[in-house]
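**Student:** These protein sequence lines are chains A and B, in that order. Just so you know, the first sequence maps onto residues 0 to 714 in numbering that gives the first Met the number 0. Just so you know, the second sequence maps onto residues 0 to 157 in numbering that gives the first Met the number 0.
Errors might be hidden in some of the hints.
Under the rule of at most 20 Å between Cα atoms (straight-line distance), these lysine to aspartate or glutamate pairs were calculated in the DMTMM-like manner [claimed, not checked]:
hint, chain 1, residue 1, chain 2, residue 2
1, A, Lys594, B, Glu130
2, A, Lys597, B, Glu130
3, A, Lys173, A, Glu66
4, A, Lys220, B, Glu76
5, A, Lys328, A, Asp451
6, A, Lys589, A, Glu709
7, A, Lys524, A, Asp331
8, A, Lys639, A, Glu148
9, A, Lys282, B, Asp18
10, A, Lys597, B, Glu123
11, A, Lys641, A, Asp294
12, A, Lys597, B, Glu144
13, B, Lys21, A, Asp281
14, A, Lys246, A, Glu278
15, A, Lys282, B, Glu42
16, A, Lys594, B, Asp124
17, A, Lys257, B, Asp18
18, A, Lys594, B, Glu123
19, B, Lys83, A, Glu215
20, A, Lys641, B, Glu76
21, B, Lys21, A, Glu278
22, A, Lys662, A, Asp554
23, A, Lys453, A, Asp331
Rather than coming from a laboratory, the hints here were simulated on the basis of the structure.
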Amino acid sequence: MDEFNDYKDYLKSHSSFPGIKRRDFFRLMGGGIYIFFRVGSAMEIMAAEADQNRLPNDLNAFLQIHEDGTVTCFTGKIEMGQGVITGLAQMLADELDVAFEKVKMVMGDTDLCPWDMGTFGSLSTRAFGPYLRAAAAEARMVLLIQAAEVLGVPLEDLDVNEGVIFKRKDKKEKVTYSQLTEGKKIERFLTEKPEVKDYSEFRIMGQPRFRVDSVEKVTGKAKYSGDIRLPGMVYARILRPPSHASKLVSVDTSEAEKVEGVQIVKDGDLVAALHEDPEMADKARRLFKAEFVGDEKPVSNENVFAYLNENAPEGNVNINEGDLETGKKSSDNTFENEFHDGYVAHSPMEPHTAMAFLEDGKMTVWAGTQTPFPAKSNIARVLGFEEEKVRVKPPYLGGGFGGKSAHQQAVEAARLAKITGKPVMVDWNRQEEFFYDEFRPAAIVKINSGVDEKGKIVFWDYHVYYAGDRGAETMYNVPHQKRTVYGRGWRAPGIHPFPTGAWRGPGNSTNTFAREVQIDIMAAKAGIDPVEFRLKNLTDQRAIDVLTEVAKMADWKPAQSPSKRGYGVAIGSDAGTYVAHIAKVDVDAKTGEVKVMKVWCAQEMGYCVNPQGATIQMEGCINMGMGYALKEVVEFEGGKVKTSNFDTYEIPRFSWIPEIETKILDRNAPPQGGGEPAIVCMGAVINNAIYDLTGARLFEMAMTPQRILEALKNV
Amino acid sequence: MTETIEFRLNGKSVSVQLDASKTLLWVLRAHFNLTGTKYGCGEGYCGACTVLIDGSAIRSCITNLGEVAGKSVVTIEGLADGDKLHPVQQAFVDNDALQCGYCTPGMIMNAVGLINDNPNPTHEDIIWGMENNLCRCGAHNRIIEAIETAAAGMRNKK
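Same shape as in the complex, but just chain A (with noise of 0.2 Å):
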């Protein structure tokens, strides 16, 4: 496929249409019929929620419908598990009507397909998917013209089932898209909003499908980063400081050159290591002897919080209706209460892991990443390559959740193959992993809050540090309320003592523990039950529904709480998409361990594309969910993160799982985000239920039995 080195030049070009160019492209190419189609506004949500002001002027995909009836989508997308890989697919065979079996899909190649921003926030479905259906939508239309000409009737009186265009009226008049596509070169550019179908006449889209790769991926034959091969390859180990503040004074590599075989490469900070036995270059790294200065941050577990109100920076004030004061007057009860989130590791299976060779004057990137195309672009400024001369592949991801944004493997292999000439594999090993990890930020969130005698929740002053403002969202019909938001997005630059960045639902997790905590406190005052409690200063509807849903489904019985039935209840809002959640807990009161028993979640999240793919994602938020909000605590001093393995760094296993049972309201309305949603009201609904047994309240996640033991003293 390395025939299409001059795709790039092509999408460039695209608005002029320099006759080679495209000429050159078609051959290329082949026949069949081709469909471009920009994603603006999706691109524009993209900009809101990644904090980036670029909006890119490329085509976004195309769809390639081929001469054997097969159609390929090439989009920028990747599959990192989550399964849009099926969703996509599956909207793509609905619009154009081909069985799912006949879509192929080609993902984040950067030669083959066109530019995307990344594969985060839950965009795949809710801000790329419509732009795929309309371009399909339009493929079928050019094809039943077609038709009609071949069959030499109007266009009304056609109809489409799996690739054959058939009459209505006879059904034997029939030509087959691979007929229609054969020996010609068709190109489109959508330029109206065409016609999709309405949600009553979904075939495919709507149904439960698994996913399409699991075959490869249970027979060990789906290749991941480090499981690409080639000719004279050699593993990269590379010289690791102490810590994020520490800087390289001088190293010595005299003892590492005696191993037999072994390259050292020294080139400014980066040194390493490189052998073709992973093994030896393991030994010849651990020979390097290197001397580090660096001043620490004043900053560790022990008083993280403390130095992090400490170097607060200025607020923003997003939301500010109605008068505080006033609401505070007319308070029967207010609430004063400050939150903690700790530092959180992504710790995706997959350590990050890049192969990387230069042929020909052109760098080759197997990257795993969530971002093929900045790694593209960052890979040619590091190594001063056009940017026509770097290509990123990314195979498999195993795993993402957000810190496979990052891409300093896919560099650091580049540099190498460039300054070696030979194939170089980097593939992190557990303890650079967690170095290395862009981890949750640490966050702060201060809520003042009150409610008159009625019950009724009259303000609401929300404070949120380090954390974003994504998920602070009042949700409740509040009066009187101001929220301010200290610090942009999920990164703080010069603050945090390492990288943080973005982790599944940024910031949504931290918010809506917050909130849903702030609630249940104010229930609990207020003596009403909690889910009451919501509803009654719910007037958003698709919030009342999810929670009168989630509600049914557990057969809530209502009780102040605490009831010492250790049920809890929490609900949020992220990527379009509306999750209520109950859980019920057992809580050991000797250890401080919690045992969540069961977990019921609804979620309203539009229309469906695949309810399959999105149960899964709800099972995954919430299993993967109790780990951040009962163990997962990142150790570190300073810059040294003290976390390097699994052995400490506690992620949910067998025993923890609770039975869950899930729901997805029927919605026909533009489908929204799935993959991170159902992780936000984890924190809370564990906290809110370990309360409502116990009657301890926590303000610090995670909720390890050590702070549920200090917790339960207070009791």
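With chain A fixed as given, assemble chain B onto it according to the hints.
**Tutor:** This is chain B only, laid out in the frame that chain A set:
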């Protein structure tokens, strides 16, 4: 010290000239190019590298090559019978018991070892038998169901 080490690998006799202290995981991945066995943690905590040695599930990242001399090693690549998936593999497909798939080979090999040791595992047996295999995507519930399905199917066949 380099020596000749012979063992069976996915049903075939193999002989290698390597240091016996080399780690089985890297011998499989780098020497034999059997990349289905994954590196996850390197210290035996996560189970992504699980293979079968004489039918028992072991962590190849903390196993020396010398330990498998004369033994039979099966990796994920050697589990299916041609195109016919092993019942545990098939059950993972049928139960949609995976997401990113990176832990999946280790999960499957550990489950096969578990069923080899105990063909009649209870729900609790499966949970505790799989306890030290980590999955970050949260596919646990379906993995348990897949193993229950596979174990039942394998019993009925016998």
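**Student:** Assess, step by step, whether the Cα of lysine 639(A) is no farther than 20 Å from the Cα of glutamate 148(A), and give holds or violated.
**Tutor:** Roughly 71 Å separates the two Cα atoms, so the pair is violated.
**Student:** Within a Cα-Cα threshold of 20 Å, do lysine 597(A) and glutamate 130(B) meet the stated pairing?
**Tutor:** Roughly 19 Å between the alpha carbons, so the hint for lysine 597(A) and glutamate 130(B) holds.
**Student:** Does aspartate 281(A) lie within 20 Å of lysine 21(B) when you go C-alpha to C-alpha?
**Tutor:** Roughly 12 Å between the alpha carbons, so the hint for lysine 21(B) and aspartate 281(A) holds.
**Student:** Does glutamate 76(B) sit within 20 Å of lysine 641(A), going by the straight-line distance between their CA atoms?
**Tutor:** Not satisfied, since the Cα-Cα distance of roughly 36 Å exceeds 20 Å.
**Student:** Lysine 594(A) and aspartate 124(B): Cα distance at most 20 Å?
**Tutor:** Judged against 20 Å, a Cα distance of about 18 Å means the pair holds.
**Student:** Is lysine 282(A) within 20 Å of glutamate 42(B), Cα to Cα?
**Tutor:** At roughly 16 Å apart (the allowed maximum being 20 Å), glutamate 42(B) and lysine 282(A) satisfy the hint.
**Student:** For the pair we were handed, lysine 220(A) and glutamate 76(B), check the Cα-Cα distance against 20 Å.
**Tutor:** The hint holds at about 8 Å.
**Student:** Mind checking the alpha carbons of lysine 173(A) and glutamate 66(A) for me, to see if they're no more than 20 Å apart?
**Tutor:** 17 Å, holds
**Student:** Decide if the proposed pair is consistent with the structure: lysine 597(A) and glutamate 123(B), CA atoms, cutoff 20 Å inclusive.
**Tutor:** 16 Å, holds
**Student:** Between lysine 21(B) and glutamate 278(A), does the CA-CA distance stay at or below 20 Å?
**Tutor:** OK: lysine 21(B) and glutamate 278(A) at ~8 Å, within 20 Å.
**Student:** Are the Cα positions of lysine 453(A) and aspartate 331(A) separated by 20 Å at most?
**Tutor:** 9 Å, holds
**Student:** Take a quick look at whether lysine 594(A) and glutamate 130(B) sit within 20 Å of each other, Cα to Cα.
**Tutor:** Status holds; Cα separation ~15 Å.
Consistency note: the structure conflicts with the earlier hints numbered 8, 14, 20.
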